[in-house]
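Enquirer: Listed here are the chains, written in short residue letters.
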Amino acid sequence: MALKLADVKTDLHNDWCPGCGDFGIEASVQMALTEIPVDINRVVIFSGIGCHGKIVHWTNTFGIHTLHGRLMPFAQGAKLANPDLEVIAIGGDGDGYGIGAGHFMHAGRRNIDMTYIVHDNQVYGLTKGQASPTQGLGEKTKSLPEPNINSAVNPIMLALASGYTFISRSYAFDSRHLKETIKRAIAHRGLALVDVLQPCPTYNDINTKDWYGGEDRRDEKNRPIPRCYDIEKTTGFDPTITPEMSIEEVEKKTLKVIELSKEWGDKIPIGVFYQNERVSTYEDRIADRISTYKQAYPAKQTLAGKDARPTVDLEYLSKELLIS
Amino acid sequence: MALKLADVKTDLHNDWCPGCGDFGIEASVQMALTEIPVDINRVVIFSGIGCHGKIVHWTNTFGIHTLHGRLMPFAQGAKLANPDLEVIAIGGDGDGYGIGAGHFMHAGRRNIDMTYIVHDNQVYGLTKGQASPTQGLGEKTKSLPEPNINSAVNPIMLALASGYTFISRSYAFDSRHLKETIKRAIAHRGLALVDVLQPCPTYNDINTKDWYGGEDRRDEKNRPIPRCYDIEKTTGFDPTITPEMSIEEVEKKTLKVIELSKEWGDKIPIGVFYQNERVSTYEDRIADRISTYKQAYPAKQTLAGKDARPTVDLEYLSKELLIS
Amino acid sequence: MSLISSRTNNLSWMIGGAQGSGVDSSANVFSRACVLAGLWVYGTREYYSNIKGLHSYFEVRVSDKQIRSKIDEVDLLTTFDAETLIRHAEAVRPGGGIIYNPSLVRSDIRKVDTLEDNIVEKITGRLVGQGFTPNVTGLLDEAKRRDIQLFPVAYDQVISQTAQKIGETQLSKVSRIINVLAVSASMAVLGLDVNYVERAVEAIFGAKKKVIEMNVIGAELVYNAIKSIAHPPFSAKLAPVENTKPRMFVAGNQAVAFGKLVGGCRMQTYYPITPASDESEFLESHENFKLLDGYSHDGQGSIVVVQTEDEIAAITMAIGASLTGTRASTSTSGPGFSLMVEGMGWAGMNEVPVVITLYSRGGPSTGLPTRNEQGDLQFALHASHGEFPRIVLSSGDMEECFYDAIKIFNYAEKYQCPAIHMVDKALANSNMTILPLSAERALIDRGKLILDGSNPQDGGTPYKRFKFTEDGISPRAVLGLKGYRFWNTGDEHSEIGHIDEDPENRIKMMTKRMTKLETAAREIPDSEKFNFFPASKSSADVTIVSWGSSKGAILEGMELLRRDGIDAEFLQLRLMSPFPTDSVKKTLSKSKLIIDIEQNYSGQLASLIAEKTQIEIVNKILKFNGRPISRDEIYDSVRSTVKAPQENERLVLVHGA
Amino acid sequence: MSLISSRTNNLSWMIGGAQGSGVDSSANVFSRACVLAGLWVYGTREYYSNIKGLHSYFEVRVSDKQIRSKIDEVDLLTTFDAETLIRHAEAVRPGGGIIYNPSLVRSDIRKVDTLEDNIVEKITGRLVGQGFTPNVTGLLDEAKRRDIQLFPVAYDQVISQTAQKIGETQLSKVSRIINVLAVSASMAVLGLDVNYVERAVEAIFGAKKKVIEMNVIGAELVYNAIKSIAHPPFSAKLAPVENTKPRMFVAGNQAVAFGKLVGGCRMQTYYPITPASDESEFLESHENFKLLDGYSHDGQGSIVVVQTEDEIAAITMAIGASLTGTRASTSTSGPGFSLMVEGMGWAGMNEVPVVITLYSRGGPSTGLPTRNEQGDLQFALHASHGEFPRIVLSSGDMEECFYDAIKIFNYAEKYQCPAIHMVDKALANSNMTILPLSAERALIDRGKLILDGSNPQDGGTPYKRFKFTEDGISPRAVLGLKGYRFWNTGDEHSEIGHIDEDPENRIKMMTKRMTKLETAAREIPDSEKFNFFPASKSSADVTIVSWGSSKGAILEGMELLRRDGIDAEFLQLRLMSPFPTDSVKKTLSKSKLIIDIEQNYSGQLASLIAEKTQIEIVNKILKFNGRPISRDEIYDSVRSTVKAPQENERLVLVHGA
Ligand SMILES: Cc1ncc(C[n+]2csc(CCOP(=O)(O)OP(=O)(O)O)c2C)c(N)n1
Ligand SMILES: Cc1ncc(C[n+]2csc(CCOP(=O)(O)OP(=O)(O)O)c2C)c(N)n1
Ligand code: SF4
Ligand code: SF4
Ligand SMILES: [Mg+2]
Ligand SMILES: [Mg+2]
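Residue numbers (the numbering used here), protein chains in the order written: chain A, 178 to 501; chain B, 178 to 501; chain C, 878 to 1534; chain D, 878 to 1534.
Just chain A, same shape as in the assembly (with noise of 0.2 Å):
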């Protein structure tokens, strides 16, 4: 049975402010739970802390709105104790490129199967408009009573640097392109983040609904010049590494993805900017360890007989300690 958007929204007063992209991401989350082929009761959202954060209480599935930072590993934590579901981490920038970068960073080095999509406003909206991680240095939005003293991060070369399998660029308000990019990193097998370019009406006034549209620059006909632009469709570009390329060209394409990255400002790339399949997942490596996991995971294994008597031959695990 298809689900409707119906289905996967709850009823509750959606409290973020009008015209925030967050509605835009949320859409196009929502639209991509009634397109993919899985069962909507194995799909479990996990948010941080921070405006973002709200859209699993406006979504229908299993929502944990978890710590400021600390999404990832709550949703990794989940997702290795049940591989069975699927897990979608949705966080902010501040939440995830700020106090979250070294989890950002490790759940790279694990590529455990999972979907991680930041809201990328560059401010910390819930607390009023201070600096996020990814905004530049010497930018004054309105909430600054000085120009931001840091310099911004590169999310996609982070997420390179730290190892993610698939590392995707989206814009809130084109929610066909976000919709089926979100879709895209559901499919990959390994990590993938959508890293998710969202106007924050209320307090970012430099990277607007209207910049991100290029109303500030027309062509001849009068009309606005987009910025962003969806590198695949544009240019080609393949951003797939499969195992039967030669080290070359990983490297090429590996140096494409970072000069893409370093674009900003006029020209802003959108789309997939990188799909490794030669990376095995976490659970795989488990599994080669422990080679029941896959069927017996830690959320499905017996503990207790009828009799609540614990299942595991202690007997036999004590051997090893035992003397006579």
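Quick caveat, the hints were computed from the structure, so don't treat them as lab data.
This structure is a prediction, so every number in the text was calculated from the model and none was measured.
Glycine is no exception: its CB is placed at the ideal position from the N, C-alpha and C atoms.
Please note: incorrect hints may appear among the correct ones.
Here are some chain B residues pointing at chain C (derived, C-beta under 8 Å) [said to hold, decoys possible]:
| no. | residue |
| --- | --- |
| 1 | 233 |
| 2 | 261 |
| 3 | 283 |
Examples of chain B residues lying across from chain A (beta carbon under 7 Å, computed) [stated by the list, open to error]:
| no. | residue |
| --- | --- |
| 4 | 328 |
| 5 | 430 |
| 6 | 432 |
| 7 | 462 |
| 8 | 464 |
Model the placement of chains B, C and D with the ligands on the given structure of chain A, informed by the hints.
Expert: Coordinates of chains B, C and D with the ligands only, in the frame set by chain A:
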């Protein structure tokens, strides 16, 4: 009066394992201290927790042995409060790229004028040999019960993505190279990373002194072929990015750095990868806001008069909130 | 019984509206207008953890004497949206007034989607139960039945008139004046000249000429409109009083910020968090400040404010700064403090004076981020593994926020340890009029700090950062000071500061550190440890024990109780560590009846008192619904307890919306 | 007075050496040899926070009855380096023995650079004061004067003989056998057949034929060499006893790991830290395990052990796992726990059963990472901001480590909250013989867990994860269970789990959560809350109150005290939260004299008891030098206290090197 090595050593018993690469790093740091044009009384070394962290106790400068992973914020705090100090942070790979990864990254965004040396031994030494974040996926050092389950991070690329303006690598047992690299790092205006490849003979039986030295591969004359090569000397690569360079040149250099950062195994580049002179330091940025910062920095301000009365003009300060 | 005799210059006003719609500036304009008229105000703010759209409201009490608490009843509720009316109409006392927008009278309560389901049910149930329609009209009918005077204000009309007057065609550019219109309407009802509103508007909007102009025009239109209709005289009034002394209008977080600047804090680190970051942002916008003549050879004074990547960095960076001799602090609330405890332990071990301002809010976890609670006392006392001395000081009002922010640095430096300054959200986000703060009382004591390296110990014995001394305190040098080289480590260490695992040294070093707490307990005068407010008779009927922001409500509640013949004394605990055990024991052992009043679930101060003095406080009045305690709640609950202590061992207060 | 009557099968043996030199395998071989001979052992380990080179030593007590503590005196000190001799000669009782390497007699104490300056001073001072030379010879002379029997063992010679016998020319390949030589020499002195040493060597080195061979050859050479020289009979002896029942030789951290596996823990997260990571590594090396017949349809059982990037990730990952219905835990010690408190608060708020095994070591901060302390009790009780229920259970011996590791999961799941299992380093790193652990007593109770989604609530009312109930506990579904969709948030929430700031809901939800603690207090039987060891007479002379690893020393100390006519009773507190207030009050209110015994500075349990029961325990015996408490210290200090309680209100124990 020129300092001698003995002046910068304490007479405490050094308890690193025999043959540990940490000895090489200690020697180079101390030699560098005798050769830099800085009053030794202004030098403060901060260290993390791990085998490496004990270095401050063997070194006769102000020495602050901090917390596991928190080295960088401690050190940055001191430097910002007293920019006249020469601050050197010395950490471990577990300390800095593991638990401290978030601080590692955000320090890059600030670019405070200080030096950060990392003992990169691919293991957690002091807790008995677990894999550190630089150990490769599937590698199995003798202290691991099973092959390493996480991918390695690439510190050079991480530093680049984070904004470090000086990025270098050296080798613990190449004392001349290491010493010179440290001196250049200290001389650099901005945040300088020195990633030091460090054999841990006790736990890391893969990346050993012999391995780095190339004892396992010999040229026709049966001389070992060392794995590390000096990028600048060997290839003539110039890591400097000057304010005058064109964007394209900068881009090209940056890509080269990435390329180099991916070499590992048979050829390991050492030397300075990147030295960016275009980026302002955090201290400069503060001075843009607080014009007196460089003369009257926090540690230097007079808080009270002889009568213990605060020096702040409270009446003036409170005007804004006074109503009459 | 009504708690108030006269309602002239003695009333409570409330305004509400969606977050982000400017309702905070309404409250600000109203309060300032009152203060300009020589009156005193106390204003509290309630808001959701939300940026735009959810309901927020302000209660402002006004009086001709200084006031320090909120009360339960509202004299005049000023609204311009339906939600405020719906949520708060019930809070208006019989005989009070409601200002409302007549165009909203048909609003369906069920359709206001920012209202929680249970609130909708409660209110519609109440209305239907009384035979009213479940909409705004019904609410107004209910109000009328309760003798509440209704004041319709046609905001939309005034806005378009104003637009016309200033020649603005885009109404949306003028609509923001609705906040000032609401205030002006209130003043018309309360009888305070519109001129005060205009002066307040000018003071607040400063250089924004156009904004001032439209607000002033609108204010006058509304004011005259209301005045022109004949109302029966309203039961509460404001009238200017002669008050030549200047006063400050200040929020708790600003008082702390001022205290820090005066107290010599020169580096503040923070990671954004409600309700702590207001203070850091205030500091940042005052990073350059004037010094007294005679000290301005360095030019100005300044404070470096650093937004860090997380709270772990915030505390450790502040510690790093402190090692250079800088007075450094960080401000946070519960979740951030939870991340600071490891760093704090390091400061404890290395005897580093670092100040943590801990703004407490509703917990546990993310909890109620914008609501009040005093749930962190025991955590502050025991945070971090192992044992080390710490100072924990709690402020009970704005003046204490200021002076304590200075004292806490003195304690931190004198006893060379982490020092926690506890401030509740109910203080941080409240505004009140106080007499100007004075730097006379604010002396700076840096303890055994060695700042001068001209007399180095290099030649002789090496400098011992952790020298064993009688009082546990060692002379403290700073990084970079010639002749005073030292080492720090989180490991147990020798006097020099190197790692030392010797069991004998361990005992001495632990004892040295812990001795500092005894030294502090001995040296800090009782007057800084607690406040004792005696009963009017020689023997009190009841002893109230409390801490933090409850202070104001308790003091004012006590006055009311006295009228009823209940004579209370009040022990306000301020220094929680080291705890003034003997004094508390002495005070409490003489009590007839003790009541512990706290804004948390379990009575954490009572636990502390039991631990230290072995006195069990059986009667507790607790509030943990996230809303600050009011004077009236104190009055009611203490009264009930005194009347029947056995039946009322644990009273849970529920007031607040 | 000597505390020991017979020294046959009742003695204390010590061995030391540089970290990394294999001294731990000496102790292991010695202990196993004893156990193989039917004896019981209790072994403790002291080591620096260092990998190689600094001194470490083991004390092994051996007896023909089960023993549970260490004592102060050493009967036989076995050394092969100078440092061990220098550090520990003094600990050998008059009449005891020392095995030493005669080639080291000229070693200069001042030249042993791993000795701390103050230790060098102390020892040379002692020697010179008595007229001995300040070197090893002097030490041996001093020992002789104290009637200590000296046994020179020419290790180097034996090593080269062994090398010759096995045809190895590189001496360095054989030199490691020195550890077994030392044990063998010890057995020769103590009179236990070398055959037990050989069997122990075989058991430990398993398949390494060559290693076994050289060790056995060397062992026999040394054994015979010592036997061949005529000594006066040594004052302590070992002799095999008949003991057919199998016993386990286990360390505390292994007992915990076994408990976790049996108790159903299927995911463990950790970040390396001393002394906690031993447990995780043990689990990792047992990640696949056998199930009982009848449950092996899934094949084997398994546990996923994840090394995380830090402790914040460790706790939050474990919580994530727990949400799926997996029994999940994390293990750490002080510094790591300090980083976990925010995550723990989230689990408290969302009623997630997560288990934290907290190994306590010397604090504060990095402290004494490899040494013992009980400094984290109050922190464990109050960690994290705000208020939520938690279970805190403390183990006192190996058996408790095992059974508690099971129980703690039952508590966590029944009361749906974080549960902390406290284990001291003195248990974690000690080894002892115990009777085999039994799975009979280890039942699993998962509380109100809904694992079966076959009866979904979808159609009717939606599932309420936080449904209000009488006992505060709501039926708990897991992620992925059809028909039981739910939400979690660290914010205060509705029964469904959505953010809810309503003040009424807040009161109900806080009360619901906190009610669980009362439910737990009611349901958990006294037998799981504390152990009470009565006096032999009806009324005890003294009541000892303590917790954790002090248990063994106290129980054995009590036996000695009884011989002196001091009849003690002992209340061992186990469940710290919820605290068994009434029972403790009842027990203590009848006491003549109470002594609190703890291994921390301030007497944290005494504070807890004062807080809960208002009983002040004036007399305290405290130890915080990083070394575990011994039976003899208990005996001495309790005796002094009983004799003169007023003069001995605070006794600080100092034993240990
Ligand atoms: C440990 C901790 N520190 C601080 C906060 C306060 N806080 C709440 S939201 C937020 C920032 C959110 O920014 P971002 O992640 O970018 O989310 P956005 O609001 O922009 O969607 C912060 C700092 C917190 N909840 N927890
Ligand atoms: C918060 C915290 N967690 C864990 C530890 C335990 N610990 C001590 S050293 C260390 C690892 C050190 O590894 P690395 O930084 O690589 O230093 P190395 O020993 O290799 O020089 C750890 C995990 C600690 N001290 N603090
Ligand atoms: S503050 Fe910004 S990010 Fe947050 S809801 Fe409003 S517009 Fe969206
Ligand atoms: S464990 Fe490794 S890193 Fe540590 S001191 Fe020994 S050799 Fe060096
Ligand atoms: Mg954001
Ligand atoms: Mg390392």
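Enquirer: It remains to establish, for every hint, whether it holds in the given structure.
Expert: Verification of the supplied hints:
1. 233: holds (6 Å)
2. 261: holds (7 Å)
3. 283: Since the shortest Cβ distance to chain C is 4 Å, the answer is holds.
4. 328: holds (4 Å)
5. 430: violated (12 Å)
6. 432: Holds. Min distance 5 Å.
7. 462: holds (5 Å)
8. 464: violated (11 Å)
In this structure, the hints that do not hold are numbers 5 and 8, in rising order.
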